[in-house]
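Protein chains: 2
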Amino acid sequence: MNNPFHTCHNSRIAGCDFAIYPMTDQFVDVITTALKEVDTSKVWVKTTDVGTCVRGKITHVFDVTKALFLHAAQTGYHVVFSGTYSIGCPGDSDGDVFLAEDDRRLNEAESKKIKQEVAGKFSLYPLGGGDYMNLIYDQIEAMKKQNIRVSSIHYATRLDGDGKDVFNGLEQVFVHMEHNGSSHTVMTTTISANSPSKKDVNSDD
Amino acid sequence: MNNPFHTCHNSRIAGCDFAIYPMTDQFVDVITTALKEVDTSKVWVKTTDVGTCVRGKITHVFDVTKALFLHAAQTGYHVVFSGTYSIGCPGDSDGDVFLAEDDRRLNEAESKKIKQEVAGKFSLYPLGGGDYMNLIYDQIEAMKKQNIRVSSIHYATRLDGDGKDVFNGLEQVFVHMEHNGSSHTVMTTTISANSPSKKDVNSDD
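In the order they appear, the protein sequences are chains D and R. For what it's worth, my numbering labels the leading residue of the first sequence as 1, then goes sequentially. For what it's worth, my numbering labels the leading residue of the second sequence as 1, then goes sequentially.
Bound-form chain D, shown alone (with noise of 0.2 Å):
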């Protein structure tokens, strides 16, 4: 690689860089629980202590993030993913094998049965590019077709709904982006679920 320090790839394979953080003793035990009952085996993973990093295709790698969000939250814990999807980026190979998986999805089965309420926000950063505000107007008008609330909030946009909606409109974004020849794409999200405060969704909105 060229630079040591910025390892991603110009390939296109997708990532998501990301942690859940379930607000409770049993941390650990929300996570490892989660962990094995998603099925990870069409992604590359690598999970360190400042996070896990899943690449592969883009269905495999939303599909996987979605799973292990909505089976920590299933815990009603109050859980948050935090996470940065990624597409394009110049540098490393690490994980490009799993660009050759079908795409057949190994959790959606599993991940509809879930409802859960979310609310969530999420930023996308078209990167290189000098047009960026209207791609990310484009999109966040595209959201609003989903069946998610969409609200305006500083540095990001606001979705309230069900977690699997929200993850559904976020991989809808990130897929309109790349079909749209977006060279290098950065979207990111956080999404919490049984948040003990009160949703505090903009009146005006």
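Everything labelled a hint here was simulated from the structure, so no lab data went into it. Just to be clear, a hint being listed does not mean it is correct.
Because identical chains cannot be distinguished in the list, a pair is counted as satisfied if it fits within a single copy or across any two copies.
[As the list claims (entries may be wrong)] Straight line, CA to CA, 25 Å or less: simulated SDA-like cross-link-like pairs of lysine to any residue:
id : residue 1 : residue 2
1  : Lys199    : Ala19
2  : Lys46     : Ser195
3  : Lys36     : Asp25
4  : Lys198    : Ser183
5  : Lys115    : Pro90
6  : Lys198    : Thr33
Put chain R on the given structure of chain D with help from the hints.
Chain R only, in chain D's frame:
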């Protein structure tokens, strides 16, 4: 504002949208106690169920976020700070009045007393420009001159060291980007304290 679904600003007000995740049943206490201990009077603050946003001068945005994390980490619980720093985003104008504050940092003296080993990571997203990768590489090089261990991970750069040094390094990156004329800079970071997991720094860095 032109588009109600992306509210940020075209003045040079900086901001950070963040959350602190204490992995304990006492998570509410940890956060409310930290908020009481930190003086936020020089920044605009809004807290919702999906996070807190502070806005103002760069110096105060970092002073406040650093202090909140350090105070929360001082409890000894496994605590993670996850934040998005932003400046130059086109949009609204909440909090512009805080740009008139002087530069004296209200929490620096207390923060200096707190010694806290952390493991973190950051990603820099200079938006709207074509030469963004070189801007990123330059700032990673600058970070290596701080008193921090810098190494490579997917989609981010890992930072290990004292919490104060890590936050100071992040602030320097942000200030450099601003001085170099970047029109719209976004920097995401995750900083973890008191993790029960073994440090997992790449051996080849």
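Structure-based check of each hint:
In this assembly of identical chains, lysine 199 and alanine 19 lie within 25 Å of each other by CA distance both inside one copy and across copies; the values are 23 Å within and 16 Å between. Proximity of lysine 46 and serine 195 under a CA criterion of 25 Å is satisfied inter-copy only: 17 Å between copies versus 28 Å inside one chain copy. Within a single copy, lysine 36 and aspartate 25 get their C-alpha atoms as close as 19 Å, and across copies as close as 23 Å, so both meet the 25 Å cut-off. Taking the shortest alpha-carbon separations for lysine 198 and serine 183, neither the intra-copy value of 39 Å nor the inter-copy value of 36 Å comes in at or below 25 Å.
Within a single copy, lysine 115 and proline 90 get their C-alpha atoms no closer than 37 Å, and across copies no closer than 36 Å, so neither meets the 25 Å cut-off. For a Cα distance limit of 25 Å, the shortest separation of lysine 198 from threonine 33 across copies, 19 Å, qualifies, whereas the shortest one inside one copy, 28 Å, does not.
When the structure is compared with the earlier hints, violations turn up for hints 4 and 5 and for no others.
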